[in-house]
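Chain by chain, the residues run as shown.
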Amino acid sequence: MIAAPAIRLGTSRDAMLIAQMSRDHIEQGLGWSWTPMRVQAAVRDAATNVAVICGQRSIAGFGIMHYGDDCAHLALLAVHPDERHHGLGASLLAWLEKPASVAGIVRIRLEARADNPAAIGFYRRQGYVEIGRVGGYYRGAVDAVRLEKLLAVNPVLPTR
Amino acid sequence: MSAAEFALRGQGTVMPEVEWLGRAPYEPTWRAMQRYTEERTADSPDRIWLLEHEPVFTLGMSADASHLLSPGDIPVVQIDRGGQVTYHGPGQLIVYPLLDVRRAGLGVRQLVNALERSVIDYAARFGILAESRAGSPGVYVGERKLASVGLRIRRNGSYHGLALNVGMDLEPFSRINPCGYAGLRMTQLSELGGPREVAAMAQDFCAVLAGRLYA
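Residue numbers (this note's numbering), protein chains in the order written: chain A, 1 to 160; chain B, 1001 to 1215.
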């Protein structure tokens, strides 16, 4: 039996490595918007989870999700190229989705680079559907495909 | 809502007001939670309500009605918490943490973890080995479920919470697929060598939870 991969909340000490992974594996060709300082801010925000997963490396992948009242947003998700195809990305995503489903969050949204069909295919396999395309979303240079997963089939609005 | 009210006081920390509500009907309690959350301000105290519900099936926002197999004469309420279908009834401790999560510095994950860890710690006092699972919320003893967790957060206020089986009739759970899982069996503290009376254990459990929330 294969042990479940270890996933934990990231700390400020992980911020540099996470930011470098974002620069090298997500934001390539777009400049560097997820700097160590921005990752640090996400680590400190109680409404955001920065998750890291171990593999052959101490940080084989990471994900950052923000939880609102009704909508959660996956800001970043990446697995190191050498560690792909072992289900780490799916495990990370499921770990980040758990609090959203416990808390009655209706939907999770994310944007993926339109020039990255592998990423879009991955999210489709995790139950996400395309809901639109955002022109020039990434620094005016690259379009985004917006995807969504509905968690609530019976949304109940609070009434008194 | 009449309640014997008392407060836990820590060292310099604003602790929640804890209220024992006794046996309470589902819908008015749910509406009162929503009202408190809607009307609370930055100065409103955190509250933890402890109670037992009259028998009811509740459908969470992810619930598939097909998991409600044969409710019989027990009422069914569609509600605004996360999760699937569950049952509440006498002999089950209900804990509703009405917290300002931002003020408490808590995210959803930390709140869920605190609720689950409190059950695990409390059960351990009776030699019961309980555990949480990575993929599915709640607390389990072996393959059986001991406690369920479902929340809602609005405007930084949390409501709904935890249901811990203490000494209850578990038969109504056989009328549903609890949490959306066919054949999921439930257990309770009294079957495992723990307490039998909710009223007698609620405050002790809450002290464990407060320690986790306001550590």
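Honestly, I wouldn't trust all of these hints.
What the hints assert, rightly or not - Distance ranges between label pairs, derived from CB positions: (1) A:HIS86 - B:PRO1028: 34 to 44 Å; (2) A:LEU30 - B:SER1070: 20 to 30 Å; (3) B:GLU1171 - A:VAL134: 49 to 59 Å; (4) A:ASP82 - B:ARG1155: 42 to 52 Å; (5) B:GLU1171 - A:GLN56: 44 to 54 Å; (6) B:SER1070 - A:ASP82: 47 to 57 Å; (7) B:SER1174 - A:ASP45: 47 to 57 Å; (8) A:ARG125 - B:SER1070: 17 to 27 Å; (9) A:ASN154 - B:ARG1144: 24 to 34 Å; (10) A:GLY31 - B:LEU1068: 18 to 28 Å; (11) B:THR1041 - A:ASP82: 49 to 59 Å; (12) B:SER1174 - A:GLY136: 52 to 62 Å.
It is worth saying that the hints were derived from the structure and are not from the lab.
Beta carbons are placed, not taken as given, at the ideal position from N, Cα and C, and that holds for glycine.
For each hint, the structure was consulted:
no.: 1; hint: A:HIS86 - B:PRO1028: 34 to 44 Å; verdict: violated (50 Å)
no.: 2; hint: A:LEU30 - B:SER1070: 20 to 30 Å; verdict: violated (56 Å)
no.: 3; hint: B:GLU1171 - A:VAL134: 49 to 59 Å; verdict: holds (52 Å)
no.: 4; hint: A:ASP82 - B:ARG1155: 42 to 52 Å; verdict: holds (44 Å)
no.: 5; hint: B:GLU1171 - A:GLN56: 44 to 54 Å; verdict: holds (50 Å)
no.: 6; hint: B:SER1070 - A:ASP82: 47 to 57 Å; verdict: holds (52 Å)
no.: 7; hint: B:SER1174 - A:ASP45: 47 to 57 Å; verdict: violated (43 Å)
no.: 8; hint: A:ARG125 - B:SER1070: 17 to 27 Å; verdict: violated (36 Å)
no.: 9; hint: A:ASN154 - B:ARG1144: 24 to 34 Å; verdict: holds (27 Å)
no.: 10; hint: A:GLY31 - B:LEU1068: 18 to 28 Å; verdict: violated (52 Å)
no.: 11; hint: B:THR1041 - A:ASP82: 49 to 59 Å; verdict: holds (51 Å)
no.: 12; hint: B:SER1174 - A:GLY136: 52 to 62 Å; verdict: holds (56 Å)
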